[in-house]
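Residue numbers (our numbering), protein chains in the order written: chain A, 96 to 379; chain B, 279 to 535; chain C, 3 to 257; chain D, 3 to 257; chain E, 5 to 301.
I should point out that these hints are in silico values taken from the structure, not numbers from a laboratory. Just so you know, not all the hints are guaranteed correct.
Said to hold, decoys possible - A short, non-exhaustive set of chain A residues, derived as facing chain D with CB atoms under 10 Å: (1) D275; (2) A277; (3) G281; (4) L369.
As the list claims (entries may be wrong) - Using 25 Å as the maximum straight-line C-alpha spacing, the simulated DSS-like pairs for lysine-lysine come out as follows: (5) C:K54 / D:K54; (6) D:K54 / C:K128; (7) E:K213 / E:K144.
For clarity, every value in this text was computed on a predicted model and none was experimentally measured. All C-beta atoms, glycine included, are put in the ideal place defined by N, C-alpha and C.
If you want the building blocks of each chain, they are given just below.
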Amino acid sequence: MKAVAESRAGAVRPEPRRGGPLRIVWAVVSRFWLVPVVVAAWEAAARAAASIDFPPPSAIVLRMRELWLSGPPTRLFLSDDAIADLLPGLGRMFAGWLLASLVGVVAGIALGRAATAAHYVEPLIHFARAVPPPMLITLFVLLFRSSTQTQLAVIVFGVIWPVLLNSMDGARSVERGYLDTAAVFGLGRRERLLRIVLPAAAPKIFAGLRLSLSLALILMVISELVGSTDGIGYELLQAQRGFDSPGVWATILLLGLLGYVLNAVFVLVERRVLSWHVRGTRTT
Amino acid sequence: MTGARLVRGAVGVAGFLAVAELAVRSGYLDERLLPPPTVVVREAVLLVADPEFTSGLVGTVSRWLTGLALAIAIAVPAGVLLGTVAWAERATRPLLEFLRPIPSVALIPLAILLIPDDFLMKISVIVYASLWPILINTMYGLREVDPLAKDSLRSFGFGRLAVLCRVSLPSTAPFIVTGVRLSAGIALILAISAELLAGGAEGLGVFVIRAGSGNRTDLVIAAALWAGTAGVLSNTALVAAERRLFRWHHVRSGAVT
Amino acid sequence: MLKVVNLAHAYGDQQVLAGIDLSVGDGELVSVVGPSGCGKSTLLRSIAGLIKPSHGQVLINGVPVEQTPDDLAVVFQDYSRSLFPWLSAAGNVALPLRRKGMSRRARREAALAALDQVGLAGSADKYPFEMSGGMQQRVAIARALAYRPALLLMDEPFASVDAQTREDLEDLVLAVRANHNMSILLITHDIDESVYVGDRVVVLTRSPATVTESLTVDLPSPRDQIATRELEAFVRLRSEIGRLVRGRPDLVGEQ
Amino acid sequence: MLKVVNLAHAYGDQQVLAGIDLSVGDGELVSVVGPSGCGKSTLLRSIAGLIKPSHGQVLINGVPVEQTPDDLAVVFQDYSRSLFPWLSAAGNVALPLRRKGMSRRARREAALAALDQVGLAGSADKYPFEMSGGMQQRVAIARALAYRPALLLMDEPFASVDAQTREDLEDLVLAVRANHNMSILLITHDIDESVYVGDRVVVLTRSPATVTESLTVDLPSPRDQIATRELEAFVRLRSEIGRLVRGRPDLVGEQ
Amino acid sequence: GQASGNGLEKTTLKVGALPIPDPAALFIAKAKGFFKEEGLEVETSIIAGGAAALPKIKNGSLDISQTNYVSTFLAVSKGEKIKLIADAYQAAPNTFNLMVPKDSPIRTAADLKGKTVAVNTLTNIGTLAVTATLKVAGLKADDVTFKEYPFPEMGAALTQGQVDAAWVTEPFITATQSQFGFRKLADTMTGQTADLPIAGWMATDEFAKNNPKTLAAFQRALAKGQQLAANDRKEVEAIVPTYTSIKQETAAVITLGTFPTTLNETRLQRVADLMLEYGYLTGKLDVKTLLAGASTP
Ligand SMILES: Nc1ncnc2c1ncn2[C@@H]1O[C@H](COP(=O)(O)OP(=O)(O)OP(=O)(O)O)[C@@H](O)[C@H]1O
Ligand SMILES: Nc1ncnc2c1ncn2[C@@H]1O[C@H](COP(=O)(O)OP(=O)(O)OP(=O)(O)O)[C@@H](O)[C@H]1O
Ligand SMILES: [Mg+2]
Ligand SMILES: [Mg+2]
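Kindly produce the complete structure, drawing on both the sequences and the hints.
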C-alpha cells in the first residue's frame, strides 16, 4: 500500500512554484545535505587512519589554497600556478569536448541513418574505442607536430565514443511514425536529419554528451601525462613524482569540483533544450 | 549479423589496413616509428604462440568480463533507484558528479593502497570507471518511458515495483544495453590501463610494459590490435543479443538494421 | 459504486473540469459524451487516480480514493501507446491477470478467450506493431475485459473499428457486464452508441466542462442492434442528446 | 490522378492485399471502407510509398511511383505517433511548409489559419502532450490541409472527435478540396461519412483484401449535413454499403 | 608469512621488477636456483615504475621491489618508511645519453638554453642527470623545459619536433642511433654523476623489521646473482631476453651499466647529496639510516 501511495506522490508532483526564500533554502538543503555528512565522515576517518596517503580533507583544502588560490584579490585570488597551469588544460578540454561532440553527433546521426555505410565502419569504431588511450599516444605523438595537437587528439579520441554510439543508436531508433510523416510531406534529407532525427534522438545524444563531458576531464588528465608542461594532469604528475600526497588529493578534489560544476551547467542547458521532452514525459 | 554485413565490415577493416599500409610504405608515416600493418598483423598472429602473451590475454579478459559484469550488477539497480526516486538522485548527484571525473591514473595508486589483492584492486578500478555509462543511460532511459504505458499498468492496480519491473525496465532495456556496450569498451580500456599503471604478474598491459621497455613498438601495436579485436567481438556479441531480445524495439522504431 | 463529487481540475492555469458531479451505480453502464477537448479523458484519469484533481472527490463504494482504486480496468483513448510493445497480444492481455493470482496457464487461457471474444483469435501471438489500429484497440479492450474489474473505464474504445465490429463489441461489453456485474463508465463520441449501450447518458459542456444533463436511457434490456435502434424512445433520446451536444458554431469552414 | 493496379502485399507469409485495383480522378474524393484489419492502412502506406508492395503498381498521373510521391499529404491513423512531440501544434503544422519555400512568417500564418479552421485557434502553442486525443487528430488534419497537396490520403481522420466537430471537419475537407482541387483518398469506418463526403466509395473485403465494389455516389454538390443525409439516394447507398461491409459472423459474444 | 625449517620468517617472496636490464641479477639468481638454495620461493611480477611499486610494498601485495634511488630518497623525505636492501644497477659511460636528431643545430649542452628536453620521468634521475650536465655547460634547470615522455615515444617526439633533445637509456640509445641516426649530445653520467647509483631493491621498514632472516637470505642469494652479472656480461645478455622484450641480438650490443656487489652507503649518499644540491631535497638525508642489514660482499 505504501508503495502505491508513493507512486502517486511521484507521478502527481505539484507544479513547482518559483521564488520564496524558504523554497530556495529547501532546494539547497535537499540537494546538498549529503555533502557535509560525507565530508565529515571522511575527515574523521582520515584523522583516525593518520596515514600520509590519506590526508584529511581539511589538509587537502589547505593545499589547494596554497596551490591555486594564493594569488591577489584582483585576480579572484587565482595564483600564477592556477592561471598558467589550469586554464590551458581546461581550454584544451573544452576544445576537445566540443570537437568530439560535433564530430560524434554528426557522424553518429549520419551512420545511424545510413545502415550500409555503418556496416563498413562499425568494426573499426568498436575496434578503436577498445584501444586504451595510453597506447594510442604512441600513434598521436607520431602524427602531430605539437604536444597541444597530440593532447587534443587524445581527448577527442577518448571522449567521442559515448556521443557517437548514443547518437547512432538514437538516430537508428527514431519512432517510425515520425519518419513516415517526414517522408510523406517530402521533407528533404537535410531537413529530415535536422528537424526530425536530431530532436528525436536528442535524449540519447544528451546522455552521451553528459557522459563524455566528465570523460573529457579524465582524458584531459591522461593527455597531460605525456609531453605536457601545464594542465591539471601535469600538476597531478608533478605531485605524484614528488610524493606530495596532499597535492595529489588536491588535484583529485579539484577535478571532482570541476566535474560537478561542468555537469551542473550541462544539466541546466539540457533542461532548456529538452524541455519538451521533460514535460512530455512527466505530465500524464 | 547478416552475411552482407560481415562482408562489409571486413571490407571496411581491409580498406583501413590498406590505407595505413600505404601511408607507412609511402613514407607519409615513419616506418621506423610505426611498423606497417602487415608487420603488426603478422606479429599479432605470432603472439598466439607465445604462452606468456596468451595467458596474459586470458587474465586481462577474465578481469575485464568480471569487472563488466559487476558494473552491470551495480549500475543498473543504482540507475533505476536514481532514475525513479527523485530525492535520492538529488541528494547523491553532487557526490556522483564529483566522483565521475576522477581519472584512473589518480585512482589506481590509491586503489593499490586500499586493496592489497591485485585482482580485486584491478576489478574495482574497472568497475569504477565502467559504471557510469550504464548508470547514466539507465537514468536517461527511464525518463524516456512512455508515461501512458506506465499508467496502463498502474490503472490495473499494480504497485510501483511492478510498474518498474514490467514496464519501465523492459522499455528502458535497449537504452541500458547501449550503456553496456559503451561500458564494455571502457572496462576493457581500464583492464589494460590498470596493468599499465600498476603492473602485475600477467596481462595485456604487463605485456605492453615489457614490449615498450624493450623498444618493441611492433609488439605494443600488436597487443593493441588484440585489445581492439576483443572490443569488436564483445560488441558483436552484445549487438546480437540486443537484436534477439529487443526485436520489438527495432521493428517498431523502423531501426535501420 | 462510483461517485464523483464536484470534481474540478486545471492544467497549470487552464481550467478543464469545473465541478463535475457524476455517479455510476452497481452494474450500471454510464455513457459520457461531450465535445472534443472538453475534459472527458481528464475526468477518466482523475477517477482512475492517475492525476490528482485540483478539487473535489472521487468515492468508490463510499470511500474516497486517493490512489488507483482496486479492481479497476481502463481502456485508454490512445490505445496504441497503452499496449506494451515488447509483449504479444496475448502477453498484453495476460499481464494484468498476474494480480489475480492466476497461474501462467490460466492467464494464457483467459487471454486467448478474451482475444477470441474480440475477434482476434488468430492474432494472439502478434506483437502490437504487427497489428492494425483496430486490432490494437481490440487488444486493449480484451485486456480490460479479461481482467473482469468491478469498475471499467473506457475512453472511446470503439473509435477505430468498422461498423460491424463496433456493434459486436458493443454487444460484447453489454454481455460481459451482465454476466459479471461490472460497473462501466464509457466515453464515446457516437451519440447512437451512448444511447444503445448506456443505462444513463451524461452530457458534458465545452471546457471548462460541467455536466449539462444526465439522461436515463429507458430502453428494454437485453438490447438488440436492430430492434433497439428502431424504437421510438431510442430515436427521441439520440436527437435530444444530439441537440445537447451541438449548437456551438465554433468551426469556421473556409467557404 | 492516382491509379492502383493489381496491388498485392504480404507481411512475411501473411497475405494482406490480394490484387487491389483503384483509381482516384483529379479532384475526386474516394472513400474506402472495409473491415478492421483488412489492409486499408497497408494500402495507404503502399500508395504513400512507405512500404514496397509485393506486387502491382501505383501510378500517379501515369507515372509509376517508386518512392514517396511529390505533393502528397497523409493523415495517419496513429496520429499521436505522427505528431512531433518537440514541436507545438503550430510548429507541427508549419514544418512541412518549409518545402513550399514559404517564409517563416508565412508558414506561421498558414499554420495558424489551418489550426483555426479545425477549431484549434486557441491551442496553437500547445504541445501535443498538452492536447486531448481529438485535438491532436485535428492538428494532424490541419497539417495536411495547410500543406495543400495535390493528393491527400487520410486514414480515419475523424475517429476521435465528437459528432459536431466531425461534421464540421467533413465539410471543411470538402470545401478545401473544392477550392484547391485536391484529390483525396479517405479511409473511414463510418459508412454515412463515406457516402456523405465521397464521390465514390470503394468497399474492401476481409483480409486478404480485394475490392468488393466501387460505388459512385450520385448526390448533388455542395453537400449539406442535414439535407444530403435526408436524400433517398443517400439512405439507399448507405444501406447498400452497410450490406456489403457486414454479413460476416466472426465475433462471438459470450452470451 | 609461513615459517620454515631454517628459521625463515617467510619463504615465498613477491618481488616486483621492471622489464629492463637493471634487475638482471634477480633473474639470474632465480634461474640459477640461488633463492631455492636459501629456501626461498621468489615470485616476480612486472611493475610500472618504482613510484608505482611503492603502494604495492606498503600494502603487502609486493614484499620487495626494484626502485630507483632518486624516487626512494624523495619518498623518504616525504615521510615514507622504506628500507633499501640491496643495490642493483649503477651508471656507466654512455648508459644515459642526451640525444638529438642528426641534423639538429644543437651541438653542445650549452645550446640547450631555451629548448625542450624529454625525460622519462619528471623530478627524477633524468632531470637530475641533465641538470648536472647543464651545470657543466653553465646552464640551470630553468633554462630548459622538461617534458615527460615514455622512452618508446621519445623517438617520435624528437622526429616530430615536439622536443629538441631527449634523455635516453638503453636499448633506446642503440636503437635510435641506428634507426634514425640520432646523435649523442652528451653523456649525462660523467663528472658529478659518473658511476651514479641508479637502481636498488627496497622493502618497507616494517617488512625489514619483521623478516630479518628472510631478508638476509634474499640478500645472500641476490648477491650471488649480482656477482655473476658483474663479472660476466654473457650472463646478463643471456638472461635479459627472458624477462624483457629486448631481443638476443640487441642485448648483445647495448651498453650496460655495472652491477655493484655491495650496498655501499657512501656511494648512495652521493645521490642524496646531489639531490640536495639541485633542490630535489630540502634537507640533508642520511642514507645510512635507510640501509637494511649488512650486505656481505
Ligand atoms: N497534460 C496536459 N497538460 C496541459 N493541458 C492538457 C493536458 N492534457 C489535456 N490538456 C487540456 O485539457 C483539455 C481537456 O483534455 P482531455 O484530454 O480531457 O479532453 P477530452 O474531452 O478527452 O477530448 P477528446 O474527446 O478530444 O479526447 C484540453 O483542452 C487539453 O488541451
Ligand atoms: N508491420 C506489420 N507486420 C506484420 N503484419 C502487419 C503489419 N502491419 C499490419 N499487419 C497485418 O496486416 C493486416 C492489415 O493491417 P492494416 O493496418 O492494413 O489494416 P486496416 O485495414 O488498416 O485495419 P484497421 O481498420 O483496424 O486500421 C492486419 O492483419 C495486420 O495484422
Ligand atoms: Mg480524450
Ligand atoms: Mg488501419
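Tested hints:
no.: 1; hint: D275; verdict: holds (5 Å)
no.: 2; hint: A277; verdict: holds (8 Å)
no.: 3; hint: G281; verdict: holds (5 Å)
no.: 4; hint: L369; verdict: holds (8 Å)
no.: 5; hint: C:K54 / D:K54; verdict: violated (47 Å)
no.: 6; hint: D:K54 / C:K128; verdict: holds (21 Å)
no.: 7; hint: E:K213 / E:K144; verdict: violated (41 Å)
In summary, the numbered hints that this structure violates are 5 and 7.
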